[in-house]
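Produce the complete structure using the sequences and hints provided.
Protein chains in written order, with the working numbering: chain W, 25 to 345; chain R, 25 to 345.
Keep in mind that the hints are not guaranteed to be accurate.
One copy or two, either will do: identical chains are not told apart, so a pair holds if it fits within one copy or between any two.
Here are the simulated EDC-like cross-link-like pairs (lysine to aspartate or glutamate), alpha carbons at most 16 Å apart as the crow flies [claimed, not checked]: (1) K120 <-> E156; (2) K297 <-> D67; (3) K120 <-> D152; (4) K297 <-> D277; (5) K284 <-> E294; (6) K240 <-> D301; (7) K71 <-> D301; (8) K284 <-> E236; (9) K284 <-> D296; (10) K240 <-> D305; (11) K240 <-> E209; (12) K240 <-> D308; (13) K240 <-> E309; (14) K297 <-> E104.
By construction, these hints were calculated from the structure, which means they are not laboratory data.
Number of protein chains: 2
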Amino acid sequence: MMITAPTDVRRITCVGAGVIGGGWVAHFLARGYDVTAWDPAEDAEEKLRRLVDAAWPALTQLGLAEGASRERLTVVGTLEEACAEAQFVQESAPEKLELKRSLLAQLDAATPAGVVIASSTSGYPMTDMQTEAVTPGRLLVGHPFNPPYLIPLVEVVGGEATDEAAVAWASEFYEVAGKSVITMERELPGFIANRLQEALWREALHMVANGEATVKEIDDSITEGPGLRWAFMGPCLTFALAGGEGGMGHMLDHFGPSLKSPWTRLEAPELDKALRDAMVDGCDEAAGDRTIADLVAERDQGVIDVLRATGRLPGQREGGQ
Amino acid sequence: MMITAPTDVRRITCVGAGVIGGGWVAHFLARGYDVTAWDPAEDAEEKLRRLVDAAWPALTQLGLAEGASRERLTVVGTLEEACAEAQFVQESAPEKLELKRSLLAQLDAATPAGVVIASSTSGYPMTDMQTEAVTPGRLLVGHPFNPPYLIPLVEVVGGEATDEAAVAWASEFYEVAGKSVITMERELPGFIANRLQEALWREALHMVANGEATVKEIDDSITEGPGLRWAFMGPCLTFALAGGEGGMGHMLDHFGPSLKSPWTRLEAPELDKALRDAMVDGCDEAAGDRTIADLVAERDQGVIDVLRATGRLPGQREGGQ
Chain W
25 MMITAPTDVR
35 RITCVGAGVI
45 GGGWVAHFLA
55 RGYDVTAWDP
65 AEDAEEKLRR
75 LVDAAWPALT
85 QLGLAEGASR
95 ERLTVVGTLE
105 EACAEAQFVQ
115 ESAPEKLELK
125 RSLLAQLDAA
135 TPAGVVIASS
145 TSGYPMTDMQ
155 TEAVTPGRLL
165 VGHPFNPPYL
175 IPLVEVVGGE
185 ATDEAAVAWA
195 SEFYEVAGKS
205 VITMERELPG
215 FIANRLQEAL
225 WREALHMVAN
235 GEATVKEIDD
245 SITEGPGLRW
255 AFMGPCLTFA
265 LAGGEGGMGH
275 MLDHFGPSLK
285 SPWTRLEAPE
295 LDKALRDAMV
305 DGCDEAAGDR
315 TIADLVAERD
325 QGVIDVLRAT
335 GRLPGQREGG
345 Q
Chain R
25 MMITAPTDVR
35 RITCVGAGVI
45 GGGWVAHFLA
55 RGYDVTAWDP
65 AEDAEEKLRR
75 LVDAAWPALT
85 QLGLAEGASR
95 ERLTVVGTLE
105 EACAEAQFVQ
115 ESAPEKLELK
125 RSLLAQLDAA
135 TPAGVVIASS
145 TSGYPMTDMQ
155 TEAVTPGRLL
165 VGHPFNPPYL
175 IPLVEVVGGE
185 ATDEAAVAWA
195 SEFYEVAGKS
205 VITMERELPG
215 FIANRLQEAL
225 WREALHMVAN
235 GEATVKEIDD
245 SITEGPGLRW
255 AFMGPCLTFA
265 LAGGEGGMGH
275 MLDHFGPSLK
285 SPWTRLEAPE
295 LDKALRDAMV
305 DGCDEAAGDR
315 TIADLVAERD
325 QGVIDVLRAT
335 GRLPGQREGG
345 Q
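Written out as structure tokens, the structure is:
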């Protein structure tokens, strides 16, 4: 049978209706899809509809797709019913490996051939979860951030038995469905964003454990500092601007020695030529046609916009001179 | 002699007029101060005025203080002239320990008694820099983020020979001058924000070095993911919301085991009762009167505001369904 093209998908099935699964339901409804949901919990429908109702004002602010409606949500009583006409399945069950394994096998059995089934897992590689499915080639990870209806990022990655075509289909579908997609070449514990976030988080825990900083100081140091830039310009491009007109190359040559400093408990890699080149080339590619001056202007305007949007311009804060 | 109260300061001296020093000049001018600057470079004045001119449109958008004017900048020819009538001195010389040591001793000799002298250093503890000064008690670190006229954070910390009163004075002064201040109890390599940022950065470098992610993927994973939240809610409070109504306590009990997972190269500390309590109490304190529901609403509204401000609502991006 022909698989529905990513742009033609109309019916999505969400399995698991907790915070993440319910967040997916809210997102897909807001993007104008018909959503069928199933969750084995007794009070799942009531909780799910409450979650969607709670999210709807935010989604309305974000901008609903044409025809989007909460009435396009159907909650059904069985997994088989949920999957029977699915054009895409998003699984968001609890993070237990055995549960995920058997659930994905059940979903595989109940879903029309070729339809892609994505897991929201943050903890397990698909290689370990797809072992019991009859057609594991269409199983992959589509890892969202909380709440899935507000944070655009989805990390897409297959397991060893996943077809490349399924990964490509899912990546395109999520983009069409309004997400920002990173398609990973290979499985990596923590994916990308969580690895970066986890490194920062562990350093924060060490600092609290050692009395070096308080929770409030840690949070303030990010929201009043680098966090203002990270909302719209990532850590690499941000650091490239510390190199002035010389960009990332100059930054690495100038600040490279600080990688030997005890500025965190994480040891840095050796800054050899290959790594230096990869960082410089990567920043050049990310910058595209934009000059350093363009990027500086973009950063500055972005910081101002974010400060204003969150009520923190000098005139919006109380006090100031 | 009586020291000027932080609220009564009118004349500020900036020593060193590169990117950071010049950024300070721009900030203090925009906040309505008279600024005297000195830098030994030949073309320092021309470069400095160009930097201030370039920053002025951004500062105008941020909102200028009453009476703020670029004409209130005076560039002088000697360090002694610069410091003679200073009510506060901000030093932003290159990061060389010997240079900082002798420069701070010179500034100490040239500045009226009791006036606080702050160093912008990101690399050296004041304990190591204040060794040659006659009155080291007024020397401390006031570490800004780039650009100092846009990013609010300043980390304030004294060295072993610094008077506590000077640290308190500087912390109050910076607040009055429109900065967000973290006053640290003790010296710590990398201070707070840079340690957190550096942990994330080193994990990113490892990932590029090992072909696990590209520069673009790293940057996108932050700007489209956790970075959206970090612009206004720090990593601790953000994670507390992953615990649902149970907050940080539930989050640590639930996700604590993931601290053993290989989700970053940085090993986590032991999550013992003391650390758990410190995190829970810290989040409770940071939350203040706000319930979990309040914080969730704040996070959601913040993400929407930041997305809108940076042109990333679904309707603002091209495409979408």
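Hints the structure violates: just list their numbers, smallest first. 2, 7, 8, 14
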